[in-house]
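Going down the list, the protein sequences come from chains A and B.
Using the working numbering, count along the first sequence one by one with no gaps and you end on 386.
Using the working numbering, count along the second sequence one by one with no gaps and you end on 297.
FYI, nobody ran anything at the bench for these hints, they're computed from the structure.
Owing to the predicted nature of the structure, the values given are computational and were not obtained by experimental measurement.
Relax, there's no trap hidden among the hints.
Partner residues are not named here, just some residues of chain A that face chain B (Cβ under 8 Å, in silico): (1) 48; (2) 207; (3) 211; (4) 224; (5) 241; (6) 248; (7) 265.
Even glycine gets a Cβ: it sits at the ideal position worked out from N, Cα and C.
The lines below spell out each chain.
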Amino acid sequence: MKKTCTLLACGLLILAVFITGCSKDEGKEAEPEVIKIGVFEPMTGANAAGGAMEIEGVELANKLYPEVLGKKVELVIVDNKSDKVEAANAATRLVDKDKVTAIIGSWGSSFSMAAGPIVQNSQVPTVGASCTNPLVTKGNEYYFRVCFIDPFQGTVMANYAYNELGARKTAIVQEISNDYSVGLAKFYTDAFKALTGDEKAILGVANYNTGDQDFTAQLTNLKQLNPDVIFAPGNYTESALLVKQARELGITIPILGGDTWEAPEFLDIGKAAVEGSVFSTFFTTEVPITQESEKFLEEYRKAYGKEPASVTALGYDAYLVILDAIKRAGSFDRVAIRDAIAETSDFPGAAGIISLDENGDAVKSAVIKQVKDGGFVYLTTVEPIK
Amino acid sequence: MSIQIFFQHLANAISLGSLYALIAIGYTMVYGILRLINFAHGDIFMIGAYFTFYLVTMFLMPWGVAFIVAAGLTCMFGIAVERVAYRPLRDYPRISVMISAIGASFFIENLAIVIFGGRPKAFPVPDIFGKVIHLGTVSIVSVTFIIPIITLIFLFILLFIINKTKTGMAMRAVSTDYEAARLMAIDVNKIISITFGIGSFLAAVGGIMWGLKYPQLLPLMGLMPGLKCFIAAVVGGIGNIKGAVLGGFILGLSEIMIIAFLPSLTGYRDAFAFILLIIILLVRPSGLLGQSQMEKV
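Next comes chain A alone, as it looks inside the complex (with noise of 0.2 Å):
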C-alpha cells in the first residue's frame, strides 16, 4: 500500500513539473505587461532599518510615478538578510528568476559590490541609493549611484574634526569587515593627515567585527592614547553600543561617524549615550533643494506622518534616475537604459541635482548632522571639491 502510495505521488509529481514547464514556455512569447524594476535591500538582519528606509522610498516615488512609456512599473523587492551571500543570491534571483529590466539597492556598500559582478555580466543597469564606497561603481559600467562617495565624506569629517573641533590627535575605530567601514576610515586618515601635515596624526585604530556587542577591551585601549577626537564610522546597531560603551568608560571627547548612523534606532539604542554624536549624511528636510524636495516631503510626511531620513531620499531618487533613463532611451532595452542612466546629468532629484561622473557616481553636496535632544540636528552643508 505504501509502495502504490510513493509511486502515485511520484507520478504525479512529474506530471506537475511537466505541466508548469509547458505553461511557462507559453507565456514566454506574450510581451510584458508590466516593467519590473527590482529591489535588493537589507530587510531583515542588521541592517534591517537602513533598508527599509530605502524601501519606503523606492516605493513612495513608485506611488507617485506608477508609470513610463505607458507601461505599469512593479517593484520586485528582495531581502539580502545583511549578508554578502544572500546579497548575490538576491541579485542572482532578480536576474534569472524576475528577469528585471533595472535594479535598486543596496543600503551597505558590501552587499553592492558583492552583486556587482552579478549585474555586470547579465547587463542589467543597477542604481544605488546610499552605498558610497568608491568600489561599487569602479569598473563596473552597469553600477551607478545617486549618492557621493567615501573619499568625499572622509575629507568632510576630517575638515569637521580639524576645523570645527580643532582637534589634531584622532583615534579610529573600524569594522574590519565591513567594506563600507573601512574605506572611509582610511580616507579620512588620509585626509586628515593631510590637514595636519602630521604622519602620527591617527593615534591608534582598533578594529572589531560585525557583529559584536562588546567593545570595552578596544576603546579602554584607545582611551589611554589620549585622543582629540574618536572617528568610528559603522552602521548604526554596533555603533551605538559603541558609543554607549565609551561613554560608560568615561570617554568624554567628540565621537564622529558616516552617514549609516542616520536611523532612529541609532537613538533608540544609544539614548543619552548618544547625545553630541556628528556625523556626515546626504540630505536634511530643513533645507529642501530642489521642487522635487518639496514634493517628496510633503508626500512623505503625508504617507507616513514623520519626517524622511536622508537614504529614504536616495531611495526615491534612484527610482527617479531610472524612470528618467527609460524616458530619454524611449525603450526597455537594458543597454540602451545604461547609457541613459551613464548621461544624466543635472538631474533634480529630491536629495539635490543629480550629475553622474564618468565611474557612474554622483557629485553632491554633504550635510552634516548632530544628535540633540533626541533626535537629528542640521548643522551646516560642505560643498564638493570641483
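Assemble the complex: chain A is given as a structure, and chain B must be docked to it using the hints.
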C-alpha cells in the same frame, strides 16, 4: 600598560565572562542530564530577552515583575520546544535529536524574524542598572557588579537542586542511565521537562542580563552568545556546572586580554574562541573539570 588600565580591562573581562558563565550553566546542565547539545539554547535566550522587552513596553509592567514573568514564560517555551522537537525522538539515536535541535534553532530564529521583525529593538534598561560607578580611574556600569552576583546565586541554587533535592536525585539517575531510572519508577519525561524548564529559565535570565548590558535586541542575537557559551561549557567540561562557570570566565578573560595585549589581533577575536575550543578538544577532550564521571549531573 598602566595598572589602572589593566584593572579597567579586568573589570570588562569579569563582566563579559560572568555573562558567558550564566548562559553556559543552562547549556551544560541540559547536556549533563540528557547528553544532548541543545543548539536552540541561544535562541531560547533571545526569546527570553524579547519577552521582557514586550512585557515592559507593551504591557507596561514594572521591570522587576517583567523579569520574573518573562523568565517564567521562557521556561514554558523551553518545555514546549522539548515536547515538540525532542520528546518524539527519545528512543532514536542521539544524532537524530541533535539534528532536530539544529532544526529547532533555525525555526525559532526565523519565527522571531517574522514575529518580532528584523529591525533592532532597544531593551529597556532601568536606571539602577545603567549607573556608571567610578573607582579611581576605573569606570564600571552597575550591571557589571550585578551579573557575577546573579551568576553565583544561580550556580549555588542549581547545585543545591541537583545535589540535595529529590528531583535532583532523579535528574542524576536519569543522567546515569535512564532505562534503569525508568525501571525505578522515575517519571523520565517529567524529569526531562523539569530539566528543560530550568535550563530555559537560566537562558532567560542570561538574556535579560545580556539585554541590560548590551541593550539591543535582534532575532539572531542568540547565535554568537550561544556558540560562545557552548565553547565555555566544553572548555570547563561539558556537563559539569562548575566547569561551565570556570569556562565562561576563562573565555571572557582571554577575549578581553587578547585585545588588551595584542590590539592588532582584534579582528581574530571570535576566531580565537574557536581555536580555544579546538585546542581543548585535542588536549583535554573532557574539559578542565570534566574528568570525573561522578561529578557529572
